[in-house]
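Residue numbers (our numbering), protein chains in the order written: chain B, 1 to 263; chain Z, 1 to 230; chain D, 1 to 413.
Not one of these hints is a red herring.
In silico contact screen, one side only, chain D against chain B (beta carbon under 8 Å); selected entries: (1) I15; (2) T66; (3) Q103; (4) E107; (5) G261; (6) R263; (7) G272; (8) Q286; (9) P342; (10) P346; (11) Q349; (12) M380; (13) S384; (14) I399.
Note that these hints are calculated values from the structure, not bench results. Ideal placement from N, C-alpha and C gives every residue a C-beta, glycine not left out.
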Amino acid sequence: MKRTLPLIITFLAGVFVVVTFFIPREPFGSLEQRMLVWYSILGGFTLLLGIDSLIKHHTRKVARREKDWFYSLVTLFGLFGTLAAGIVTWAKYGTPLELASLNEVGGFFWVYKWIMVPLQGTMFALLAFFIASAAYRAFRARTFDATLLLIAAILVMIGRLSMGVVPATLVLAVLLVAAGIHRLLIRKPVFGAVLAALGVGLGVLVLAFPQDAIRLAPQVQEWLMSVPQTAARRGILIGVTLGTIAMSIRIILGIERTYISST
Amino acid sequence: MNFSTILGIWIAATLTIAILSFLYRDNPLYKFAEHLYVGVSVAYWVIYAAKFTMEQMVVNVFADNWRVFLETGSATAFLEAWILVIPTALGFLMLTRWFGPRVGWLSRWPIAFTIGLGAGLGITGSIQGILLPQVQATFLPLWTPDLWQVVANLLLFVGVISTIIYFYFSRPHKGLLGGVSRVGITFIMVSFGAAFGYTVMSRVSLLIGRLYFLVYDWIVGTVDFFKALL
Amino acid sequence: MKFLKWLTNIDRRIIFLLMIGVVLVPMLFTIPIPFEVGEPVRKAFNAIDTLKPGSVIMFSVDYDATSYPECQPMIVAITNHAFRKDLRIILLGHIPTGLPLGQEAVERGAAEYNQNHEAEYQQAVEHAGEELDKYTAGYQEALKTAAAEFNQEYTLQHQETLDSLVFHYLEEVDSAAIKFQKHIFEYWKAVQYAGEEFNRHAAEYQKILKGDVREQNPGYVRILERAAAEYNKHITEYQEALEHAADQYLKRYGIDFVNLGYRPGMVPIIVGMGREIRDFYRQDYQNINVDSLPMMVGVHNYDDVAILASFAHGIQVETWIAFAGARFGQQIIGGVTGVVAPDLYPYLQSGQLAGFLGGLKGASEYESLIERKGLATRGMPAQSTAHILVIILIVIGSIAEFAMDLAERRRRR
Numbered sequence: 001m002k003r004t005l006p007l008i009i010t011f012l013a014g015v016f017v018v019v020t021f022f023i024p025r026e027p028f029g030s031l032e033q034r035m036l037v038w039y040s041i042l043g044g045f046t047l048l049l050g051i052d053s054l055i056k057h058h059t060r061k062v063a064r065r066e067k068d069w070f071y072s073l074v075t076l077f078g079l080f081g082t083l084a085a086g087i088v089t090w091a092k093y094g095t096p097l098e099l100a101s102l103n104e105v106g107g108f109f110w111v112y113k114w115i116m117v118p119l120q121g122t123m124f125a126l127l128a129f130f131i132a133s134a135a136y137r138a139f140r141a142r143t144f145d146a147t148l149l150l151i152a153a154i155l156v157m158i159g160r161l162s163m164g165v166v167p168a169t170l171v172l173a174v175l176l177v178a179a180g181i182h183r184l185l186i187r188k189p190v191f192g193a194v195l196a197a198l199g200v201g202l203g204v205l206v207l208a209f210p211q212d213a214i215r216l217a218p219q220v221q222e223w224l225m226s227v228p229q230t231a232a233r234r235g236i237l238i239g240v241t242l243g244t245i246a247m248s249i250r251i252i253l254g255i256e257r258t259y260i261s262s263t
Numbered sequence: 001m002n003f004s005t006i007l008g009i010w011i012a013a014t015l016t017i018a019i020l021s022f023l024y025r026d027n028p029l030y031k032f033a034e035h036l037y038v039g040v041s042v043a044y045w046v047i048y049a050a051k052f053t054m055e056q057m058v059v060n061v062f063a064d065n066w067r068v069f070l071e072t073g074s075a076t077a078f079l080e081a082w083i084l085v086i087p088t089a090l091g092f093l094m095l096t097r098w099f100g101p102r103v104g105w106l107s108r109w110p111i112a113f114t115i116g117l118g119a120g121l122g123i124t125g126s127i128q129g130i131l132l133p134q135v136q137a138t139f140l141p142l143w144t145p146d147l148w149q150v151v152a153n154l155l156l157f158v159g160v161i162s163t164i165i166y167f168y169f170s171r172p173h174k175g176l177l178g179g180v181s182r183v184g185i186t187f188i189m190v191s192f193g194a195a196f197g198y199t200v201m202s203r204v205s206l207l208i209g210r211l212y213f214l215v216y217d218w219i220v221g222t223v224d225f226f227k228a229l230l
Numbered sequence: 001m002k003f004l005k006w007l008t009n010i011d012r013r014i015i016f017l018l019m020i021g022v023v024l025v026p027m028l029f030t031i032p033i034p035f036e037v038g039e040p041v042r043k044a045f046n047a048i049d050t051l052k053p054g055s056v057i058m059f060s061v062d063y064d065a066t067s068y069p070e071c072q073p074m075i076v077a078i079t080n081h082a083f084r085k086d087l088r089i090i091l092l093g094h095i096p097t098g099l100p101l102g103q104e105a106v107e108r109g110a111a112e113y114n115q116n117h118e119a120e121y122q123q124a125v126e127h128a129g130e131e132l133d134k135y136t137a138g139y140q141e142a143l144k145t146a147a148a149e150f151n152q153e154y155t156l157q158h159q160e161t162l163d164s165l166v167f168h169y170l171e172e173v174d175s176a177a178i179k180f181q182k183h184i185f186e187y188w189k190a191v192q193y194a195g196e197e198f199n200r201h202a203a204e205y206q207k208i209l210k211g212d213v214r215e216q217n218p219g220y221v222r223i224l225e226r227a228a229a230e231y232n233k234h235i236t237e238y239q240e241a242l243e244h245a246a247d248q249y250l251k252r253y254g255i256d257f258v259n260l261g262y263r264p265g266m267v268p269i270i271v272g273m274g275r276e277i278r279d280f281y282r283q284d285y286q287n288i289n290v291d292s293l294p295m296m297v298g299v300h301n302y303d304d305v306a307i308l309a310s311f312a313h314g315i316q317v318e319t320w321i322a323f324a325g326a327r328f329g330q331q332i333i334g335g336v337t338g339v340v341a342p343d344l345y346p347y348l349q350s351g352q353l354a355g356f357l358g359g360l361k362g363a364s365e366y367e368s369l370i371e372r373k374g375l376a377t378r379g380m381p382a383q384s385t386a387h388i389l390v391i392i393l394i395v396i397g398s399i400a401e402f403a404m405d406l407a408e409r410r411r412r413r
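All chains, full assembly: derive it from the sequences and hints.
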């Protein structure tokens, strides 16, 4: 019963939505709408789930003076401080989202702009450094596929530049020539000759017609994005969509049960 | 610029530098900022849940309908008010997860409800919204007066088919299947390269945003603030 | 050899320092750079530019502070464009930690618009006031003449009462303007209230007047009534002129833009709004009933929304396309980060997306189209130098690796 009732609920809910898709007239239409509103309300309750484990975990750390208990105190301070800020602004303006609270120390908007935004923003800004370091370390043109990937990446990056297009293209040309020479010397003459010729050709063209290069670079990038990239991405998208459909059918039919056993 | 803004800017700058210090190595300042982030984020979700779900979707709607019922005696209003008990009860059942597995199994019912609805919506949305339009858009005319367009349409068609075939792993990639998946992999490599180019751009923008804040809002802003004071 | 080996394995902290350097230096100088606008951005711009004035545009804030530098310039630019084209904005959000950013963008956009048109608005208000003054003077003249003709002493007292009523009404309007400068909605409520009060008092006053004087001087009362009716018409015209000026030169909450707030769960809301928006959003973010917001009259579902702009940093635009676009035929544009942008090209090609802005470059292209330099344009030089650094690093790494590989092979032989 504990396991079968949820499966029955899932089946009924899923089938109901699919049936309503094909029969939108009353009473299905308004019933579906009601179910959707309830789904949204449940989503709100789900937002509250995380708070319990967070408070329990960190208060235990502080109470037992475990390692790094000071930082748990900081988390709790952040949690209750922000809750207080939200409640105070809510009581004062009738909503926590009031822009005027930006000008009050401790207002909800003030906490958002000067604590939440820098924390979130900088956390992700770190990625810029890691991506530069990782790109340098991992992206080496060792195989045909890797070389192709790199050329596409560099062409796209050049197309998105607003200055320095000519030097960047020359650097790409140098890479192509170096890769070509490398392949020639390791006994892959065809590949090597093609790469070297491409490199030399690109370098000469860019030096001869720099204005055209600057004009064409974004168009090349746009073409790369709209044709080959779109094709591959669409293929992946169709594959993923078929997977989603299969997974959804499995869930509705009760073949996929992992979401129940998580409790 | 008033005091609350300049104070806010300094707090923001301190937190920004605290997190950037991670680039050198993990340190107490970074840990402080990281733990603060966790606490503040969760509080945000709670306040939003309380205001926009509990208050606006449940309490206010109930109060509205109850008021209409008291004024007009309308049966619909009465029903609309009290039917909210059902999703609220389901919501509280969801919260039984707080109390461990002995009571937490009750949360399976609301979870089953949301998952079932989500799966049903997912099927119809995926087919109507993604699968059919995308397949339809792949069947483009392979002969038009514009040669460039012909090349593009052909490449698109070949690319989509070969990429999908590459992901078909139920048979070994040999012979014709192997050849077509080789073409597919070529397209995929181009697409990953392009995606990487865009990702670099995206991440660098985030860094630009933070450094811009440090230089113009913090340093220049503080100088302006003190200039205005004097 | 050692140098080559070092080149294949540069310490990452040096790379970090180089990264900070190439981003910081261009930021300190503003370098004006012209650039071409790409097709996705141009399509998005045209989609908004060709809308009729008064059309409704819906903004969905599906990003948060982690994508602030990319998505915020986009929402600011599109808000600016929308207000210029007299479109009406519905703001809602599906990510709690991002909605305040959208709110800030739209409210500041409205304030900027109001500031840019303040001179014209003040002029229009003054002109309306001057017109009314003409009639006020005329009305008081008519009363004085009538009084002089019939019963001087008696009606002079009533004259002063009437004078003070008019004065009081105009004072109320002025003080409401000063008090509610930043809150146009409250201002209009206050003006309406003052007008209703005036009308009420004027009616009472005239009742007393008629009661006292009618028996003695019915002719006089008739003149007063006629003059009062004329004057009331001009008060109404004055209020209409104020309303018209505000319509033309101001962007007001509830009339030109609304903020519906956040609701959890994305897919049910997207599907449900195709039937009725109020089922999910009965009140706006301030608990004001949506039906009492003038802008939301007649706006019930996607049929009444001309275009939807989703500012996202994940799969949200695809969700909008799959449900709102496919099921309800809603026209959609996207404002997305660079990570998500490549995913949207298939939808652009299939026509499911009317256009999109991808990353900081997309935002700066849009800013150049609306001719308003914002954060995105200022960030582009730094972005270019950072890209060049990454390209150089990749190339150096690859070339050094080639050289190392060749040296290894020679050594093995």
